[in-house]
Every structure is written in C-alpha cells, then in structure tokens.
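In case you want the letters, here they are:
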Amino acid sequence: MAHIRLSGVGVEFPIHNAHSRSLQLQVFGKLGGKLAQHKQAVFVQALQGVNLALEDGDRVGIIGHNGAGKTTLLRVLAGVYEPTFGTMSIEGKLSSFTDITLGMDPEATGLENIIFRCVFMGLSFAEARRLSPSIQEFSELGEFLRLPVRTYSTGMFLRLAFAISTSVEPDIIIMDEMISGGDARFMERAKARLTSLLERTKILIVATHSVEIMQSLCNKVVWLDHGEVRKIGSFEEVHPLYLAAYAG
Amino acid sequence: MEAGFSRADQLMSSTAASLRAAGQTRSLLGYGVLGFRDLIDGARQWRLCHLLATADMRRRFARSKLGQFWIMLSSAIYISAIGVVWSQLWRQPAQEILPYVAVGMMVWQLISGIINDATTTLQASNNFFLNQYTSTSAIIYSVIYRNVFIFALNMIFPLLICLGLGVRFTTHSLVSLPGAFLLIICCTWMAIIIAIFCARFRDIVQIVSSIIQIVFFLTPILWKPELLPPESRAIVDWNPFAVLISIVRDPLLGRPVPAEYWGAACLLAVGGLLLSLPFYGRFRRRLVYWL
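These protein sequences, in sequence, are chains P and A.
Numbering-wise, the first sequence is residues 1 to 248 according to the numbering used here.
Numbering-wise, the second sequence is residues 1 to 291 according to the numbering used here.
Just to be clear, a hint being listed does not mean it is correct.
So the derived label-pair ranges between C-beta atoms look like this [to be verified]:
# : chain 1 : residue 1 : chain 2 : residue 2 : range
1 : A       : Leu275    : P       : Ser89     : 29 to 37 Å
2 : P       : Ala192    : A       : Gln213    : 57 to 65 Å
3 : P       : Asn219    : A       : Arg59     : 56 to 64 Å
4 : A       : Leu274    : P       : Ser216    : 27 to 35 Å
5 : P       : Leu111    : A       : Gln213    : 36 to 44 Å
6 : P       : Thr151    : A       : Leu275    : 45 to 53 Å
Simulated from the structure, these hints should not be mistaken for laboratory data.
For every residue, glycine included, the Cβ atom is placed at its ideal position computed from N, Cα and C.
Whole structure, please, built from the sequences with the hints as guidance.
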C-alpha cells in the first residue's frame with residue numbers, strides 16, 4: 001500500500017539576493033540604523049495550506065497557471081523540499097521524472113550510464129546490471145552504447161535516458177509534463193512503454209497543461225492557484241471551472 | 001518518510017535570525033539526533049557517493065592520455081622541485097628535509113583539498129538536490145572519498161622517495177593509520193560546517209580559500225617546528241592543523257609525536273563532530289532553499 005498524505009503543508013522560500021546573501025550586509029547591516037531593514041530576507045509563499053490524501057490507484061493531474069506552485073508541490077512530494085509548515089507522510093518507493101538524465105555522465109559510455117542512472121534511481125549495482133540488457137534492447141542504440149555519451153545527438157541521449165528511467169517499477173511516479181524523446185518511431189514505442197508503466201504504478205502525479213493527458217490518464221485533478229488548492233475533483237468537475245476562472 | 005514541523009519553525013523573519021535560533025525549535029539534542037541520522041542516511045547512499053566521486057575524477061582527466069596518472073605526476077614534480085630548493089635554502093641534506101616535506105605536503109593537500117571542495121560542492125550539486133531527495137552527507141562523503149583516493153595515489157611517490165633516501169619503515173610507522181583516521185573524521189565535520197555556511201553566504205567561499213593559504217604558511221609543512229624560536233612555539237602548539245598533520249606524517253617517518261597531540265586530535269575529532277551534529281541537523285533540510 002502506497003500513500004501520500006499532506007496536511008496543511010506550506011512552503012516558504014527565503015529569497016537571498018545579493019543583499020542578504022553577502023556577509024557584508026549581514027555584518028554591516030548591524031551598524032547603521034535605517035540600513036538594518038535590508039537584512040530582512042524576503043519570503044515567497046510558494047504553497048499554502050495544502051491538504052492532500054492519495055491512495056493506491058490515484059492518478060492525479062495538477063493544473064494551474066505559471067507560478068501557481070505546481071513544480072514546488074511536485075518537489076515537496078518528491079522529498080526535495082521539506083515543508084515549512086504542516087505535516088506530510090509518504091509511503092512507497094518513489095521515482096521522480098523531473099530530470100530523467102540525473103546521474104548520467106557525458107564522459108562515460110552508454111553502457112556505464114545505464115548502470116549510473118539506475119543506481120541514482122535507487123537500485124543496487126547488481127539489479128542495474130540485471131536490467132541493463134532489456135534497456136539496451138529498448139534504446140535500440142546498438143554499438144553506440146559502447147561510445148561516450150557526449151558523442152550522442154540530443155535525441156539519442158534522451159532516448160537512452162528515457163529507456164533507463166522507465167525501466168524501474170516504483171510505487172509512486174512524479175512527472176512534470178510527459179517525458180519522451182527520440183524520433184517519431186521511437187516516440188510511438190516510448191508512449192506505449194510509458195503508458196503501461198503508468199498503469200502499473202500505484203500512484204501517479206503529473207503536472208500538465210495538456211487536456212488530452214489529463215483526460216486519458218488522470219482520475220483526479222488538483223487545481224492550484226497562487227500556492228493554494230482551489231479544487232480537487234474529477235476532470236469533468238474541475239476543468240470547466242478552471243477554464244472559466246481564466247476566461248474573463 | 002515522516003516529518004513533523006512545529007509552528008515555531010515559521011516565526012523566523014530573516015535567516016540571520018534563524019541562524020541564531022538554531023536549537024530553539026527543537027532541543028539541541030533533538031537536532032543532534034537529526035544530524036546523526038542524516039549522517040547514517042548518507043552512508044546508506046554509498047553507491048551514490050562512489051558514482052559522484054568517480055564521475056568527478058573521470059571529468060577531470062577525461063581525454064588526457066595519462067589520466068589519473070597525472071595526480072601522481074604533478075605531485076612528484078612539485079615535491080622534487082621543492083625538495084631541491086629547500087635543501088639548498090636551509091642547507092640541510094636532501095634526505096633530511098625531502099621525506100618530511102613530501103609526506104607533509106601530501107597530507108596538507110588532503111586537508112586543503114577537502115576543505116576547498118566543500119566550499120563549492122553543494123552549489124555544484126544543486127540539480128541533484130532539486131530533482132530527488134539527496135542526503136547532504138552523501139555529497140560530503142563523496143568529497144572525502146575523492147580526496148582520500150587522490151591522497152592514496154599522491155602518497156606513492158613520497159613513499160618511494162622515503163625508501164630511496166633510506167627512511168626505514170617499522171611497525172611504528174603503522175601508527176599513521178589511526179592518525180589518518182582521526183584526520184578524516186576532523187575533515188568530515190569541518191567540511192559539513194563549511195559547506196553549509198558557503199551555501200548560505202557565498203562570500204565565505206573566498207574567505208575560506210584565503211584562510212587556507214595563510215594556514216599553510218603557519219603550519220609546519222615546509223618547515224620544521226624545531227626551527228621556531230621558543231617564543232613563537234604557540235603557532236604550532238595551538239594550531240589544530242599542525243596536530244593533524246603531525247599525527248599522520250611523524251609516525252611514518254619515525255619522528256616523535258608528543259602525547260598531547262594524540263589527546264588533542266581525539267578531542268578535535270570527537271568534540272568537533274558532537275558540536276557540528278546539531279548544527280547539521282538544524283540546517284540540513286533548509287539548505288535546498290538556499291541553492
């Protein structure tokens with residue numbers, strides 16, 4: 001059983017610009033009278049009072065305009081940001097597809113990178129080696145896998161990253177828009193592979209602007225607005241309201 | 001993963017205040033436990049440490065013909081040059097000064113390498129922090145790992161020089177190993193504190209690198225403490241780096257190590273670690289907001 005529970009979660013970013021980041025102002029700010037105001041850090045309230053309870057089978061699409069807090073929420077769920085307020089609990093093996101090339105090294109060969117990327121996603125070296133043949137096969141990169149990855153084209157690189165990242169079977173998947181890569185034929189296969197992975201996973205959370213993805217993948221839609229949850233419900237319930245809110 | 005946050009955590013109006021407020025929201029002990037847990041957590045991610053360290057080495061020597069051999073070669077060139085100049089300058093025979101300078105220099109490079117890397121490592125790994133949960137200690141361990149590996153390669157040439165110049169290694173030389181262990185513990189907690197400060201206050205990166213250069217001259221590496229006039233002995237006796245280098249270098253070369261040095265080194269290692277744990281526990285998860 002995987003679950004995600006957030007209650008009253010808020011995230012506040014301190015903005016350390018050149019002023020507060022430099023020691024100079026931290027130190028000299030104490031000297032003057034009025035100048036001292038500068039040492040107050042500016043905070044951005046990126047998320048506020050988010051309550052969310054997800055169980056097995058939940059497929060969640062997160063919508064909202066730019067800057068509504070989608071990425072921040074994904075990062076909180078991925079364990080990157082520790083919330084400033086509230087409590088959260090996450091149960092289950094989690095994979096975040098926000099950067100599917102994380103851990104890959106341009107100077108190493110494709111074969112080495114398969115191992116690296118798998119280990120970065122939390123597998124052991126032995127498990128990575130066991131998965132490697134199927135990844136090699138799916139990537140269709142053949143002899144190129146023996147060359148350093150820096151010699152690859154962007155398309156080939158993404159193709160490899162995609163093949164590796166979709167080869168593990170996590171309980172919870174977090175995505176910022178759909179991932180893909182490669183040419184038209186590969187994209188077709190990539191879509192099939194991703195869809196089947198997303199169907200098997202227990203909980204899926206995807207931030208997206210695409211209506212099509214939300215309709216086909218998600219059974220729940222979370223509408224974020226200025227860091228707060230405006231509405232949670234089915235696509236049919238939430239999407240018209242979302243559109244209406246920004247129509248005028 | 002379960003995390004709870006008390007309301008008091010939120011009341012910091014500025015991060016300068018939060019630095020002072022460390023330990024108020026939880027007890028000092030509570031933060032210490034958090035810090036300790038994270039150190040263990042990082043050790044569990046040893047695979048990641050290994051990959052990060054080796055990837056860095058690969059990048060540094062990518063496409064060079066001699067590859068990692070350059071580490072050994074450049075230190076060999078440096079040591080030979082300084083050995084020749086120094087023995088002329090101090091009018092001491094080379095076999096007297098060369099092993100001392102060579103080993104001392106390599107130990108110093110281990111310390112300064114770790115500290116210098118610590119100043120930038122968190123900023124440089126921000127894409128790991130932002131895309132998946134990464135323990136800060138795992139990043140620090142990879143810095144330690146990489147520098148210890150370089151140190152091991154670096155030591156080959158000085159050891160050959162010592163053998164060539166007739167330094168006799170005995171079982172007493174093995175006392176260097178516990179010395180090196182204490183040194184690495186000290187470097188670990190220093191690296192943690194420096195890395196966190198440098199992530200928050202970017203000016204400290206420059207300050208640390210200046211201090212490192214000064215410490216190099218104040219520490220008996222290129223010169224022997226015996227040469228100091230008695231009234232200046234304090235700069236050696238109260239210099240933690242002199243102690244740390246001495247407990248690794250001196251047993252190896254058969255030079256006596258004062259008993260107080262061992263006491264001081266143990267105190268530095270254990271005391272420093274205990275003091276840095278609450279600090280680390282307090283800021284380990286705030287860090288990602290500063291990157």
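Status of the hints after comparison with the structure:
1. A:Leu275 x P:Ser89: 29 to 37 Å: Since the Cβ atoms of A:Leu275 and P:Ser89 sit about 32 Å apart, the hinted range of 29 to 37 Å holds.
2. P:Ala192 x A:Gln213: 57 to 65 Å: Given about 59 Å between the Cβ atoms, the range holds.
3. P:Asn219 x A:Arg59: 56 to 64 Å: violated (44 Å)
4. A:Leu274 x P:Ser216: 27 to 35 Å: Cβ of A:Leu274 to Cβ of P:Ser216: about 55 Å, so the range 27 to 35 Å is violated.
5. P:Leu111 x A:Gln213: 36 to 44 Å: Given a distance of about 43 Å, which is inside 36 to 44 Å, the answer is holds.
6. P:Thr151 x A:Leu275: 45 to 53 Å: holds (49 Å)
Hints 3, 4 from the list above are not met by this structure, while the remaining hints are.
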